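> Read off the chains here:
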Amino acid sequence: MGETMIKKIDYKLSMLALGLLIGTSCGAIIEAQAATDQVVIGDIDDMSAVYADVIGPKGIEAIKMAIDDFGGKALGNPITLLSADHQNKPDIGASKYREWADQSGLTMLLGGSNTGVSLAMAKVAGEKKVPFFAVGAAGSSLTNADCTPYTVHYSYDTTSLANGTATAMVQAGGKKWFFLTADYAFGTQLQEAATKVVLKNGGTVVGSVRVPLGTTDFSSFLLQAQSSGADVVGLSNAGTDFVNSLKSANEFGISKTMKPAALLAFISDIHALTLQTAQGLTLTTGWYWDLNDTTRAFGKRFFDKTGRMPTMNQAGYYSATLTYLTAVKAAGTTDPDKVMDALRSLKINDSFTSNGYIRKDGVMVHDMYVMEVKTPAESKAPWDYYKVIRKMDGEEAFGPLSDSTCKYAH
Amino acid sequence: MITILGYPLPAILGQLILGLVNGSFYAILSLGLAVIFGLLRIVNFSHGAMYMIGAFVAHIILANFGLNYWVSLIVAPVTVGLLGVVIERVFLSRLRGLDPLYGLLLTFGLALIAEGVMQQKFGSSGIGYPVPALLQGAYNLGFMFIPIYRLWVVVVSIVVCLTTWLVIERTSLGAILRAATENSALTQAFGINVPVYLTATYAFGVGLAGLAGVLAAPITQVSPLMGSSLVVVVFAVVVIGGMGSIMGAIVSGIILGLLEGLTKVIYAEASTTVIFIIMAVVLLLRPVGLFGRE
Chain A
1 MGETMIKKID YKLSMLALGL LIGTSCGAII EAQAATDQVV IGDIDDMSAV
51 YADVIGPKGI EAIKMAIDDF GGKALGNPIT LLSADHQNKP DIGASKYREW
101 ADQSGLTMLL GGSNTGVSLA MAKVAGEKKV PFFAVGAAGS SLTNADCTPY
151 TVHYSYDTTS LANGTATAMV QAGGKKWFFL TADYAFGTQL QEAATKVVLK
201 NGGTVVGSVR VPLGTTDFSS FLLQAQSSGA DVVGLSNAGT DFVNSLKSAN
251 EFGISKTMKP AALLAFISDI HALTLQTAQG LTLTTGWYWD LNDTTRAFGK
301 RFFDKTGRMP TMNQAGYYSA TLTYLTAVKA AGTTDPDKVM DALRSLKIND
351 SFTSNGYIRK DGVMVHDMYV MEVKTPAESK APWDYYKVIR KMDGEEAFGP
401 LSDSTCKYAH
Chain B
1 MITILGYPLP AILGQLILGL VNGSFYAILS LGLAVIFGLL RIVNFSHGAM
51 YMIGAFVAHI ILANFGLNYW VSLIVAPVTV GLLGVVIERV FLSRLRGLDP
101 LYGLLLTFGL ALIAEGVMQQ KFGSSGIGYP VPALLQGAYN LGFMFIPIYR
151 LWVVVVSIVV CLTTWLVIER TSLGAILRAA TENSALTQAF GINVPVYLTA
201 TYAFGVGLAG LAGVLAAPIT QVSPLMGSSL VVVVFAVVVI GGMGSIMGAI
251 VSGIILGLLE GLTKVIYAEA STTVIFIIMA VVLLLRPVGL FGRE
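Quick mapping for you: the protein sequence lines, in order, are chains A and B. With my numbering, the residue at position 134 of the first sequence is 134, and numbering never jumps. With my numbering, the residue at position 30 of the second sequence is 30, and numbering never jumps.
Honestly, the hints are just simulated from the structure, not real lab data. Among the clues, some could well be false.
Pairs of lysine to any residue residues, derived as SDA-like cross-links and limited to a Cα-Cα distance of at most 20 angstroms, are as follows [stated by the list, open to error]:
{"no.": "1", "chain 1": "A", "residue 1": "Lys391", "chain 2": "A", "residue 2": "Gln171"}
{"no.": "2", "chain 1": "A", "residue 1": "Lys256", "chain 2": "B", "residue 2": "Leu225"}
{"no.": "3", "chain 1": "A", "residue 1": "Lys89", "chain 2": "B", "residue 2": "Gln120"}
{"no.": "4", "chain 1": "B", "residue 1": "Lys121", "chain 2": "B", "residue 2": "Leu225"}
{"no.": "5", "chain 1": "B", "residue 1": "Lys121", "chain 2": "A", "residue 2": "Lys256"}
{"no.": "6", "chain 1": "A", "residue 1": "Lys58", "chain 2": "B", "residue 2": "Lys121"}
{"no.": "7", "chain 1": "A", "residue 1": "Lys247", "chain 2": "A", "residue 2": "Asn292"}
Fair warning: this is a prediction, and the values are worked out from it, not measured in the lab.
Okay, chain B solo, but in the shape it has when bound (with noise of 0.2 angstroms):
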């Protein structure tokens, strides 16, 4: 067997092609963070709520409407979304220009409630949410099976993470929301509802949240503390990207899930800390983060 360090090659590979899925989750996670710290400068505590709602929606229309997997896919970051138009309208919007500790302590607050409603109503144990028929089944690489629908959510997040990249650096829309952060009076002086285009960016960016939900369904189960641990890591991957930054989000998600990978090969039990360990590290040398500016 072909080893690395004295580690075999199909096991470091196999790793890190599931760390690129967990990566993958991270990425879009953390890109919605991103957009709506970036935008907005609320550090939105309640992502992974909105995250767990996502699943939940695909579940439920499932369920009792039957609509399946395809449908939810569109339907769930939309409730999500129009969720959020609500949270920000009726929130948020109170708190600009505060310290945004009062948002994050709104949105955690937000997301205590919906995990407590939630557990109430479906229990804490995971509900099984079954794989679309055309994503079944695995390939087998020599080294190991994976799972045809592993490589679908990777396919999904690095497209989605693009377009929304290209959207807020390469076009018109993106540069008013750029402009928006920059200067909001200013801005709207130009004749621009800037609080309309605040409240679509926190609708996107929770709605990326609801769309993870719906792809980590049949991975991890419908659960309503499903969020609520995956929250921590994805903010870590914000702080290590830069807070506020797309692509510093995007690529430090990507990247974070492949090191949690290579750490399950060489040492298992650092694997849930390692991220951690980097943040630290990251604080100490760059406090802006790898990708954020001074």
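Bound conformation, chain A alone (with noise of 0.2 angstroms):
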């Protein structure tokens, strides 16, 4: 008796192990069949660290306005949108994505903040041919030597923030650097880029520091900035590292000396500084809260929903989201070549830019701002923050395509 009862339950287990396969590769095909017409927008960002406050949670927000404002659904099916937290780790960023793209059907994936995590993501990007929008990460490595078909550059990259920052810098008199790295990826290749660009002004490179990603206490490097002798900082670091190197310039007295440059900074980052402390900082901004109508009618929607005025790349997300959704709508299709195509051949008129266009390498291409943080006297209003510089055109902040060494480009 004990063997046909042991048999029947073998008989129940494997039937019940075959309908769930047959069960799950029905689902399969059935994924596969509604893809071309099933927008799946993905988000992965830092969402709890240094770089949280500069998209994060509030990036989501973003991408919600951006998809109410196309109306919730694409080829007429509604769109669904997924989120995770990379904790700036490339492998959790690349794996969520490889998981989205194998399992949810992901069609579009935002990368948010850590150009290491994007990296890894952009690799993925290639290799499943998923459109990557990096809107967070700086490094111009994404549309040169690690460029794929999929990717878009959106906001800004490293070398439009070094053409704009240390150009200024160096030509108001700052000829000697130091420079206080990030140390990673992002890091890096600013410094890098924001080398080359002190170089060709005319000034001097005396020494940079790397420091770990998500120090607090800044002050010993710091002091060996101003050993060097240099008269500028350059802060190659963001969000948080940002904020808390910048404070303890000022409380060291390193400010008096030295001219802090900020390479990558954030509204975000000023408005935990406030005015006091930042006031009088060069810094690139791809885009600010109050340079138009458009921009003001954005950011107090933002601000109504948030209680913040957005980040250049929340406003970012929110451009990126709406400007993929129109190119799917375009090509009338999620098949990944024809939306690619699509989005090439747009023209970007939004909140966020005007007449920006994404460039063969993945460079979407637009004007940048050099701005000068206003003084507590100038600032007339709360995040009342910014006065423009110089506005540099697209071409001149990014350079031509001629220079990219994306194998993609040409």
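Assemble the dimeric complex from its two separately framed chains, guided by the hints.
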């Protein structure tokens, strides 16, 4: 009796297994069929650490605004939105991207802050053929050595940031530079780009120090900078690293003897620092809420939802989502190659930029602004932080396509 | 500019002063660890978490009740100390007489839980904590600006460390504690309630970590992982000083802070590893540590 019982259970188990197998494969077939008209947008970003205020949870709000503005549906189906925290770990970002591409029918990914994570995710984009919009990562290798046919680089890159801030600082007399650099791909690429600009404009670089991501006490690194005898300390970092290093520079009186160069600063950083500390800084931004009526309108809408003015990357998230959806509509499908073709033939005119376009190497070329942070007296209202020193057109900021080492560029 | 062995004097002095500040933190934290290990034979791996909780207590009572830094200096160590009482009574007292490895694993687990819970609640980005108004500003020493707050940290640390040393080495209370460590059965036979003393010692040791957390809050921000990187360095300090040696922990804490500062002038890249190199050398030449007794 015992044996038949076991056989019965065996039989039941194998039927169950078979059923499961058929069920899942059917599911996969249905999913694959549905994939061409079902838009699934993913967002993988730092949701809780050094870069969480740059895009983070409020960036999801920006994506939702874009989806709403597009009508909530694409190709006749509701749009799905997924989000995850990469914790600044490249392997987490890449495996989440892969998982969504394999199992959730992902059709487009927004990759937030952290160049290291975005470089790992760009590899997945090439492999899985899912369009990848790098919005917070600055490293320009994303559209050069590490480019893929499915990468779009939004907001800014290390080249455009260096062209803005470093040029302005050297021309204002800051000839001798010392770099304080975040110790990973982003920091080193930004330092490299800024070094090029400094040397080109007749300046020199007297030294640099690499600082681990997420350092909270920058004082000893800043003393190193000070004893180098440089005129400018190039802060090749971002997010709370930038905020903390500038705070320490003030606390130790270092900003009295050297000028800090904010190679990448966001309005959220200035807000955290307050104008008292940040006044007079030169920085480069791809977007600011108080540029014109369109930007002001977007800024106000975002503020009403989140209680903060958007950073350039949160505005970039909105624009990237809207641009992608527009391209899907134009292509009539989510097929990645057709969508990428549609993206490259679009002119981007929205609250983020006018006449922006996506180049073959993946750079979204648009105007950039060199800003000076206002003094407390100049600031008329909360979040009234910048005045425009210079507007750079897209080509000047991002460099000509002929400079790109991306193999798909030519 | 005056130089010493080719290094500019202002740079050396500046880094030494910052090293002294870091050394003060090492001293308070390693002192707590040494007291706990010396009297309870527990390798308290939750020390970093206690330091973090101390800082969070300061942040929470400021944000929710408007209680300032000065109140925190009392409230945070007491809160952390009470938490220590609970941990000692509920968990650690059951491990007495077992291999120290059990205590190490238990406290390590508790640290992971505490950090995880705080990360869940507060996220992992740091929360700023203002420098108290009375200690704002900086002195210009000519070769550098030294924020007043950092000097304050050095002073508090030295006072706390020396007082603790005096109490344990020079008072009758300290004598009881040392006797309890040496031979708890005999001490108990004199009518002394040894378990109560051990609980109080643990509470005091982690209370010191809580105090260090409050002192650190205005410098490093309050964040759930603030203790996890520090605790490893502090253990190296305790090992160098000699496990359980109180003066060893204080002196080696401050000296290693200074050496770390000096390394930043000479070869900055090695500054995060220099303490471990020294630890390896000390263990090779004198396995009981610089101040440890064979």
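> Now, for every hint given, state plainly whether the structure supports it.
Okay, the hints, checked on the actual structure:
Distance hint between Lys391 (chain A) and Gln171 (chain A) is fulfilled; the C-alpha atoms sit about 16 angstroms from each other, no more than 20 angstroms. Distance hint between Lys256 (chain A) and Leu225 (chain B) is unfulfilled; the C-alpha atoms sit about 32 angstroms from each other, more than 20 angstroms. About 18 angstroms separates the Cα atoms of Lys89 (chain A) and Gln120 (chain B), which keeps this hinted pair within 20 angstroms; it holds. With a C-alpha separation of about 13 angstroms, the suggested pair Lys121 (chain B) and Leu225 (chain B) falls inside the 20 angstroms cut-off, and the hint holds.
The hinted pair formed by Lys121 (chain B) and Lys256 (chain A) fails the criterion: a straight-line CA distance of about 39 angstroms is larger than 20 angstroms. This hinted pair checks out: Lys58 (chain A) and Lys121 (chain B) have alpha carbons roughly 18 angstroms apart, not beyond 20 angstroms. Distance check on the hinted pair: Lys247 (chain A) and Asn292 (chain A) sit about 31 angstroms apart at the alpha-carbon level, beyond 20 angstroms; violated.
Going down the numbered hints, you'll see the structure goes against 2, 5 and 7, while the others check out.
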